[in-house]
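Undergrad: Below, each chain spelled out in residue letters.
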Amino acid sequence: MNNSRALLILIFILVFAVLIIVRLVDIQVIDRENYIKLAELQQTAIDKIKAEQGLIYDRNNDLLVYNRNDVKFYIDLNMTKENEKDSVASKFAEVMGKPKEYYLNLMNKSKNTIVLEKKVQPHQFQKLKDLDIKSLYYRPSPTRIYHYGSLASHVLGYVDQEGKFVSGISEYFSKDLEGVDGYRKVYKNSFGHIVYYDENEMQLPIPGNNIFLTIDKRYQLILEEELNAGLREFLAKSATGIIMNPNTGEILAMANIEDYDPNCYWQYDSFQRRNRAITDPYEPGSIFKAFTFAALIEKNLLSLDEKIFAENGSYRFKNTLITDNKSFSYLTAREVLIHSSNIGTAKLSQRLKDEYFYDFLRRLGFGNITSIPIKGESPGRLWKPNNWDASSKPFISFGYQINATAIQIITAFSALINGGILYQPQLVSKKTNSKGELIEEFKPKFIRKVISESTSSVLRGILAEVVKNGTGKNASLGYISVGGKTGTSQKLIEKKYSNEFHNTSFVGFFPVEDPQIVILIHYDSPQLKKSGALVAAPVFKRVAERIIEKNFNLFEKYIDDNYKKKILISQSKFEQLKSDYEFNNQSELKYKPITFMPDLKYKPLSEALSILNKSGINYKIIGTGFVVEQSIKAGTELKGDEVCELKCNSFHIINASQR
Amino acid sequence: MSNSNKPLLLYILLLILSIAGFLLFTVILKINYKQLLMEKDQANQEIITAIQEQKKLNAIYQDLTSEDYIVPYAQNNLSLIKNFSSSGLIKLSEERIQFIEDALSKRYE
Chain Z
745 MNNSRALLIL IFILVFAVLI IVRLVDIQVI DRENYIKLAE LQQTAIDKIK AEQGLIYDRN
805 NDLLVYNRND VKFYIDLNMT KENEKDSVAS KFAEVMGKPK EYYLNLMNKS KNTIVLEKKV
865 QPHQFQKLKD LDIKSLYYRP SPTRIYHYGS LASHVLGYVD QEGKFVSGIS EYFSKDLEGV
925 DGYRKVYKNS FGHIVYYDEN EMQLPIPGNN IFLTIDKRYQ LILEEELNAG LREFLAKSAT
985 GIIMNPNTGE ILAMANIEDY DPNCYWQYDS FQRRNRAITD PYEPGSIFKA FTFAALIEKN
1045 LLSLDEKIFA ENGSYRFKNT LITDNKSFSY LTAREVLIHS SNIGTAKLSQ RLKDEYFYDF
1105 LRRLGFGNIT SIPIKGESPG RLWKPNNWDA SSKPFISFGY QINATAIQII TAFSALINGG
1165 ILYQPQLVSK KTNSKGELIE EFKPKFIRKV ISESTSSVLR GILAEVVKNG TGKNASLGYI
1225 SVGGKTGTSQ KLIEKKYSNE FHNTSFVGFF PVEDPQIVIL IHYDSPQLKK SGALVAAPVF
1285 KRVAERIIEK NFNLFEKYID DNYKKKILIS QSKFEQLKSD YEFNNQSELK YKPITFMPDL
1345 KYKPLSEALS ILNKSGINYK IIGTGFVVEQ SIKAGTELKG DEVCELKCNS FHIINASQR
Chain P
32 MSNSNKPLLL YILLLILSIA GFLLFTVILK INYKQLLMEK DQANQEIITA IQEQKKLNAI
92 YQDLTSEDYI VPYAQNNLSL IKNFSSSGLI KLSEERIQFI EDALSKRYE
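Keeping their order, the protein sequence lines are chains Z and P. Our numbering runs 744 ahead of the 1-based position in the first sequence. Our numbering runs 31 ahead of the 1-based position in the second sequence.
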């Protein structure tokens, strides 16, 4: 019996063994391929190796945009124990500087895999990677850093959350900047962690190319600061400015205020993110008279000294009223442009044939995109002559019934003053690979010759007079020759020209004898003053002054010797200096006595010290930067032996890389 | 089992042990290789991060050494003012200069 029972067990074991062997044969031999595929699917994956994106530099090799290898942390809550949650929350709170409760709440809200942190910087990652929690894992999350925040944001563009380049030079050169992603076959454990990768099935990524812009960071900063100051001063809706080298078409600065910070682009609306200098055309107003005059001079249709009757400020032309801001009886043709007479320009424009005028403007690039390497450019609007009515030509002659973007205007204006050559606006000077080897160099792109050298020379002379004696006086620098033209146009709102909202602009250049810089300033709907002469021209002046000061060596040869000193020490500072001192008969220098404590609050420390030194008040300083507190109250009568304690706050630069 | 079979069995056992040892060695080697590969990958990542850090520091250096940063900092925080020496010239006689020098050395001796 025992033997038979043993036999039964043996048979049972044998049958079981046979079954296992059959199953093994099925798995290992018959259905081998399927199981191999299944195992591969579960254990292996093709891991993309993201190529490092190209860097962006300005024309002086100053780095504007670079990358940072951040990581994104996930946690699989199905596989996380309660005590693990607590240690994860504690560690993340310590490293990331957020409350522990924040992470605990996050983990208690869900039972699936969640993102714990989207952007963990490398130094933070070093502290977090040693957390030995199996369900916690991370993936690379590359971040693009715009070092100077909003500086040149409309030129640079940004990277969206999917890692796609959006707008600006980044979008246009996305193929260059992106590089080529690599891949590798990786083997993962049951938690999804990579345990091994196959070197034979791996393709290394090719980093993106570096882009060098024609933008000068220093000019860009000046332009943005002055546009901003003007925006606040005149309470305008928006401001646009472009600085260009008229002899090459290189854009040295391009800005729109308001703008945005590409590091946190999602906080801004589409208006702030739009590069209005290329997307938003407007009626340029009197700036356009310069183009009308170019057409007339080129065809020898006027003599600059001939007299034009300006109708004493009001002129009815074929049932349309044309007015001037100032009433003139007779003006020479030259004075028509200098004093910006609409009536005079409209009358002169009648000498131009419709087809010729249209063709001339088309040749200058109006009604067509400039092909600047930024997507979304508007061609503006220039109707064909067969769509013109009786008033079209005179109105176009002084900048109405035509729409143009700021980039079109400055590009065409550059052609007027550089000897007549139209250049394509240039934003990129060269491309290099990640090793710094030159791939492509961009040269100025000649489009066509639009006017003769002599026409250009005559125009430069008249435009210089506009600044010297005409509507552009507020742009005059005195020590260097400046030419330019103001422009003001009423805005077309619901098919009616508004008396309240205007486009005010000024386009100017210097030095007149050898133009090196052209600047266009445009303010949309300023509330306090409403003409290009009062709003845009002073801003042009401030930008030009600062550019000359910044690049004094370049402009020194054009500067009047008598005025050189005035650049170094502005008149106002000199007067201030003189008034601070008294000279007695013995030619001894004495300070004016100050008997009351001055108000130093919120003044820079340098200014506060200057005042205290001059007044002979003893002081003690705590901190640096700006004065936030003074121990002697402003207005207190002084005896002469007081010590004033100044508390100052520190001054920190916070750049994007520290965000 | 006859005595003559004993060495053969011993050889077979040794062979099996050798093969097992070799296989074990191969497996250890492979595990080690995989570990080294992962370490290499990590080192590569660290190099990339270090290069990026270098680029960032370079950008900060360019920022901090630019005139746009130094001049306002010097004016606001260090109370320095621009040197306008070329804007004016004071002419004094030699006797006067000597007198000033004497006065200064007397006071600050």
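Hint data in this document are derived by calculation from the structure and do not stem from the laboratory. One should not assume that every hint holds.
[Claimed, not checked] Each computed DSSO-like pair below joins lysine-lysine, with the alpha-carbon atoms no more than 27 Å apart:
#1 P:K86 - Z:K863
#2 P:K86 - Z:K1179
#3 P:K65 - Z:K878
#4 P:K65 - Z:K932
#5 Z:K1364 - Z:K1345
#6 P:K65 - Z:K794
#7 P:K86 - Z:K878
#8 Z:K816 - P:K71
#9 P:K61 - Z:K781
#10 Z:K792 - P:K86
#11 P:K37 - Z:K929
#12 P:K71 - Z:K863
#13 Z:K862 - P:K71
#14 Z:K1189 - Z:K1239
#15 Z:K932 - P:K71
#16 P:K71 - Z:K878
#17 P:K61 - Z:K792
[What the hints assert, rightly or not] Sample of chain P residues with no beta-carbon within 12 Å of chain Z, all distances over it, derived:
#18 L45
#19 L54
#20 I62
#21 K87
#22 E98
#23 L111
#24 E126
#25 S136
#26 R138
None of the values given here were measured: they were computed from a predicted structure. Just so it is clear, CB atoms sit at the ideal spot from N, CA and C, and this is done for glycine as well.
Undergrad: Would you mind marking each hint as holding or not holding in the structure?
TA: Structure-based check of each hint:
1. For the hint linking K86 of chain P to K863 of chain Z, the alpha-carbon distance of about 19 Å falls within 27 Å, and the restraint holds.
2. Pair hint K86 of chain P plus K1179 of chain Z holds up; C-alpha atoms about 13 Å apart against a cutoff of 27 Å.
3. Between K65 of chain P and K878 of chain Z the alpha-carbon distance is near 19 Å, which keeps this suggested pair within the 27 Å criterion.
4. For the hint linking K65 of chain P to K932 of chain Z, the alpha-carbon distance of about 12 Å falls within 27 Å, and the restraint holds.
5. The suggested pairing of K1364 of chain Z with K1345 of chain Z holds, with an alpha-carbon distance near 15 Å, which does not exceed 27 Å.
6. At most 27 Å may separate the alpha-carbon atoms for a hinted pair to count; K65 of chain P and K794 of chain Z meet this at roughly 22 Å.
7. At most 27 Å may separate the alpha-carbon atoms for a hinted pair to count; K86 of chain P and K878 of chain Z exceed this at roughly 34 Å.
8. Taking the CA atoms of K816 of chain Z and K71 of chain P, the gap is near 21 Å; set against the 27 Å cutoff, the hint holds.
9. Restraint check: the Cα-Cα separation between K61 of chain P and K781 of chain Z comes to about 22 Å, which is no more than 27 Å; the hinted pair holds.
10. Among the hinted pairs, K792 of chain Z with K86 of chain P is consistent with the structure: their alpha-carbon atoms are about 24 Å apart, no more than 27 Å.
11. Restraint check for K37 of chain P and K929 of chain Z: not satisfied, since their Cα atoms lie roughly 50 Å apart, outside the 27 Å limit.
12. Straight-line distance between C-alpha atoms of K71 of chain P and K863 of chain Z comes to about 24 Å, which keeps the hinted pair within the 27 Å bound.
13. Between K862 of chain Z and K71 of chain P, the direct Cα distance comes to roughly 26 Å. Compliance with the 27 Å bound is thereby established for this hinted pair.
14. For a cut-off of 27 Å, the pair hint linking K1189 of chain Z to K1239 of chain Z is broken: about 39 Å separates their Cα positions.
15. The straight-line distance between the Cα atoms of K932 of chain Z and K71 of chain P is roughly 17 Å, inside the 27 Å bound, and the hint therefore holds.
16. A threshold of 27 Å between alpha carbons decides the hint, and for K71 of chain P with K878 of chain Z the separation of about 22 Å falls inside it, so the pair holds.
17. Note on K61 of chain P and K792 of chain Z: the hinted pairing holds, with a Cα-Cα distance of about 24 Å set against a maximum of 27 Å.
18. No beta-carbon of chain Z is positioned within 12 Å of the beta-carbon of L45 of chain P; the least distance is around 29 Å.
19. Distance check for L54 of chain P against chain Z: the nearest CB is about 18 Å away, which clears 12 Å, and the non-interface claim stands.
20. Residue-level check failed: I62 of chain P sits 9 Å from the nearest beta carbon of chain Z, not beyond 12 Å.
21. Once the 12 Å rule is applied to beta carbons, K87 of chain P is inconsistent with being away from chain Z; the minimum gap is 5 Å.
22. A beta-carbon of chain Z is positioned within 12 Å of the beta-carbon of E98 of chain P; the least distance is around 7 Å.
23. A cut-off of 12 Å between C-beta atoms contradicts the statement that L111 of chain P is not in contact with chain Z; the least separation is 7 Å.
24. Against the 12 Å criterion, E126 of chain P stays outside the reach of chain Z, whose nearest CB is about 15 Å from its own CB.
25. Look at S136 of chain P: its CB is around 19 Å from the nearest CB on chain Z, clear of 12 Å, so calling it non-interface holds up.
26. Separation of R138 of chain P from chain Z is adequate, the least Cβ-Cβ distance of about 15 Å exceeding the 12 Å criterion.
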